[in-house]
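S.K.: Chain order of the listed sequences is A and B. What the first sequence shows, in our numbering, is residues 1 to 378, in sequence order. What the second sequence shows, in our numbering, is residues 1 to 378, in sequence order.
If you're looking for bench data, these hints aren't it; they were derived computationally from the structure. Where a beta carbon is used, it is the ideal one built from N, C-alpha and C, also for glycine. Keep in mind that a hint or two might mislead.
Label pairs and their computed distance ranges (CB to CB) [claimed, not checked]: (1) A:LYS22 with B:GLU212: 52 to 58 angstroms; (2) B:GLU213 with A:ASP302: 46 to 52 angstroms; (3) B:HIS147 with A:ASP25: 42 to 48 angstroms.
In silico negatives: residues of chain A with every beta carbon more than 12 angstroms from chain B [claimed, not checked]: (4) ARG13; (5) ASP26; (6) GLY54; (7) ASP59; (8) SER60; (9) ALA73; (10) GLU176; (11) GLY230.
Straight-line C-alpha distance at most 25 angstroms; calculated DMTMM-like pairs for lysine to aspartate or glutamate [claimed, not checked]: (12) A:LYS127 with B:GLU14; (13) B:LYS22 with B:GLU251; (14) B:LYS127 with A:GLU14.
Number of protein chains: 2
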Amino acid sequence: MTAFGKSPERTARELFAEAAGKAYDDAGLSPGAVEEVFYGNFMGQHAEQQGHSGPLAADSAGVTAPATRIESACASSGAAVRLGVERVRNGAADCVLVGGAERMTNLSTAEGTAGLASAADALWETKAGVTFPGAYSLMANRYFHEHGGGREDLAAIAVKNHRHATENPLAQFQREITVEDVLTAPTVCSPFGLYDCSPMSDGGSAALLVSEEFAEERGLDPEVAVTGTGQGGDRMALHDRVSMTRTPAAERAAAAAYDDAGVGPDDIDIAEVHDCFTVAEVLALEALGFYETGEAISAAADGETDIEGDRPVNLSGGLKAKGHPVGATGGAQVSEMTKLLRGDHVNSDAVSDAEVGLTHNAGGTVASCVVNVLEVVA
Amino acid sequence: MTAFGKSPERTARELFAEAAGKAYDDAGLSPGAVEEVFYGNFMGQHAEQQGHSGPLAADSAGVTAPATRIESACASSGAAVRLGVERVRNGAADCVLVGGAERMTNLSTAEGTAGLASAADALWETKAGVTFPGAYSLMANRYFHEHGGGREDLAAIAVKNHRHATENPLAQFQREITVEDVLTAPTVCSPFGLYDCSPMSDGGSAALLVSEEFAEERGLDPEVAVTGTGQGGDRMALHDRVSMTRTPAAERAAAAAYDDAGVGPDDIDIAEVHDCFTVAEVLALEALGFYETGEAISAAADGETDIEGDRPVNLSGGLKAKGHPVGATGGAQVSEMTKLLRGDHVNSDAVSDAEVGLTHNAGGTVASCVVNVLEVVA
C-alpha cells in the first residue's frame with residue numbers, strides 16, 4: 001500500500017501505480033506477469049470524473065491484460081481480492097493484480113460526504129438526509145439501547161487503533177489520542193465525535209495473487225496464502241433490515257470464508273476489521289463470531305483487542321488511524337495482514353506467534369461484506 | 001431485457017428488477033435460487049447519485065446473496081456475464097444472476113455526454129474536449145485514410161441495423177431509415193451524422209446462468225449454453241495505442257472466447273456486436289476475425305451482414321436501433337442472442353439454422369472488451 005493521508009494533487013491512477021510498483025518489487029515480478037486486474041474504486045466518477053478505471057489503473061501499472069473496476073462502496077477492493085482469488089483457483093490465471101485506489105481530499109468535506117452518501121440508498125436514505133455518520137450513529141444508538149454500553153466504550157476503540165498506528169509509517173495518523181480527546185472532540189453526529197469517524201484519505205493498495213505452481217516455477221516465496229474468501233450481501237437500506245445492530249452480510253461472508261479455509265473464529269489470531277466508525281468495529285467482532293451478540297462493546301475497553309490482548313484487532317491502526325481511501329481499504333487490509341503474518345510489519349513482533357489472520361471489509365452500512373482468511377505457509 | 005427506450009422516470013433498480021423478473025419467469029426459477037449477482041452499471045453515480053448498486057440491484061430483484069457492481073463502461077454487463085460464467089464453472093455457484101441497467105434519459109444531452117465521457121481518460125482525452133462521438137470519429141476518419149471507404153459504407157450499417165429492429169418489440173427504434181436519411185442527418189461530429197450514433201436509452205437486462213447439474217436437478221431446459229467467454233484489455237487512451245483502427249482488446253477477447261469454446265470465426269453463424277457508432281461495427285467485425293483488417297467496411301453495403309446475408313450481424317437492431325442503456329447492453333446482447341438461437345426471437349426464422357452465436361461488448365474506445373460464445377445445446 002501507499003502511505004495513506006492527504007495528497008489531493010495525486011490522481012487515483014498514480015496512487016494505484018505506486019502501490020502496484022511496490023507489489024512488483026516485493027514479489028520480484030514485472031507487469032508482464034499479470035494476467036488479469038481487478039481494481040477497486042468507489043467514487044472516481046464523482047471525484048475525478050473518471051469511470052472505466054479498470055483499464056486505466058491497469059495501464060498505469062504497466063498492464064494491458066483484462067482489467068475490470070469492481071465497485072462495492074467501501075468493500076470495493078475486498079471484493080476485487082475475492083474475484084482474484086477465485087480466478088487463480090479456477091485455473092484461469094496464475095498471476096492476478098488486485099487492489100484499489102481512492103482520491104478523496106481533492107474534494108471539499110461537503111463534496112466528499114455527498115460522494116460517500118452514494119453508497120446508501122439514494123432515494124430512501126440519502127434523500128432523507130442520512131449521510132454515513134448519520135447511518136452509523138443510528139446503529140450505535142440502537143446498540144446502546146439494546147445491549148448497553150456508551151461513548152466511553154467506543155472511545156476505547158479509537159484510542160486503541162490510534163495507539164496501534166503510532167509506529168506505522170504508512171498510517172495517516174501516527175499519534176496517540178486519549179479517551180478524553182475522543183469524548184471532548186466536536187460532535188459529528190451523536191453519539192459520534194470527530195475521533196469516532198475514520199478520515200477522508202487518499203491512497204492505493206495492490207497485491208499480486210499467484211498460484212502455488214506459478215510461485216514454485218518462478219522461485220517465489222510468498223510466505224502467506226489466502227486460504228479462505230467469502231462475500232455476503234444484505235438488504236441495501238438500513239430500514240429494510242430486520243435488525244439495525246446486526247450485520248448479516250458480514251456473518252455470511254465470515255461463514256463462507258471460514259468454511260472455505262476450514263477454520264473457525266477461534267482459530268483467528270489477529271484481524272483487520274472495517275472500523276469506518278468506532279461502532280463498526282463492535283458490529284464486526286460480533287458478526288465474525290469473536291463475541292456473542294451484544295458483548296463486543298467492551299472488548300477494547302477491556303484490552304482484549306489491544307496489541308497486548310488475547311486477539312489483537314486492527315494492528316495497522318484500522319481505518320480510524322491508518323486512513324480510509326475507500327477503494328483502497330480492502331486491499332490495504334490484505335497488505336497489512338500479509339506483513340503482520342510474515343514478520344515485517346512494525347507490529348509483527350508483538351504477535352510473532354500469529355499464524356492465521358482475517359480481514360473484514362464492509363460496504364455501506366454492511367449491505368456488502370468481504371472476509372478473507374490469510375495463513376502463514378511453511 | 002426490458003424494452004429499451006426513454007423512460008426517464010424509472011430508476012435503474014426498477015429497470016433491473018423488471019429484467020430480472022422476466023428472467024425468473026423465463027427460467028421458471030425464483031429469486032431464492034440465486035447464489036450471486038454481478039450487476040453492470042456505468043454511470044449511476046452520475047445520473048442517480050447511486051453507487052454501491054450491486055446490493056441495491058439484487059435487493060430490487062429479491063436477492064440478498066453476494067452482489068457486486070461491475071463497471072467497465074459500455075462493457076459493464078458483458079464483464080458481469082463473464083464473471084458469472086466463471087463462477088458457475090468454478091463450482092462456486094450453481095445459479096448466478098447477471099445483467100445490468102442504466103438510466104440515462106433523465107439527464108440532459110450535455111449531462112449525459114459528460115457522464116459518458118468518464119469512460120475515456122479524464123486527464124488526457126476528456127480534458128482536451130474529446131467526447132465519445134469525437135473519439136470514434138477520429139477512428140473513422142483514420143480508417144478511411146488507411147483503408148478507404150466513406151460515409152455511405154457506414155450509412156449502410158445504420159440502415160441494416162434499423163431494418164433488423166423494425167419488428168423487435170423491445171427495440172428503441174422500430175422503423176426503417178434510408179442511406180439518404182443517414183447522409184442528410186445533422187452532423188454530430190464529422191464523419192458522423194445523427195444516425196451514425198447509438199442513442200441515449202434507459203433499460204435493463206438480466207440472465208440466469210446455471211450449471212448443467214442444477215438445470216438437470218430442477219428439470220430446466222436452457223436450450224442455449226455459454227460455451228466460451230473472454231475479456232481483453234488495452235491502453236486506456238486512444239493516443240497511447242499503436243493503431244487507431246484496430247481494437248486489440250477485442251482481438252484478445254475473441255481469441256480467448258474462441259479458445260474457450262473450441263471454435264473459430266468461421267464457426268460463428270450470427271453475432272451481436274457493439275455498434276455504439278457505425279464504425280465500431282466495422283472494427284468489431286475485423287477484430288473478431290470475420291474480415292481481414294481494412295476489409296469489413298463494405299460488409300453491410302454488400303449485404304453480407306444483413307439478415308439475408310452469409311453472416312447476419314446485429315439481428316436485434318444492435319446498439320444503434322435496439323438502444324444502448326450502457327450498463328445493460330452486454331446482458332441484452334446475451335438475452336437477444338439466446339432468443340435468436342432458441343427460436344423465439346422475431347428474427348429467428350430467418351436464421352433457423354444458426355447454432356453458434358457470438359456477442360461482442362466493448363468499453364470506451366475498446367480499452368476493454370468482452371466476447372461470449374453461445375451455442376444451442378441438444
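S.K.: State for each hint whether it applies.
M.R.: Results for each hint:
no.	hint	result
1	A:LYS22 with B:GLU212: 52 to 58 angstroms	violated, 43 angstroms
2	B:GLU213 with A:ASP302: 46 to 52 angstroms	holds, 49 angstroms
3	B:HIS147 with A:ASP25: 42 to 48 angstroms	holds, 44 angstroms
4	ARG13	violated, 8 angstroms
5	ASP26	holds, 23 angstroms
6	GLY54	violated, 6 angstroms
7	ASP59	violated, 5 angstroms
8	SER60	violated, 8 angstroms
9	ALA73	violated, 4 angstroms
10	GLU176	holds, 34 angstroms
11	GLY230	violated, 8 angstroms
12	A:LYS127 with B:GLU14	holds, 17 angstroms
13	B:LYS22 with B:GLU251	violated, 33 angstroms
14	B:LYS127 with A:GLU14	holds, 17 angstroms
Hints 1, 4, 6, 7, 8, 9, 11 and 13 from the earlier list are contradicted by this structure; the remaining hints agree with it.
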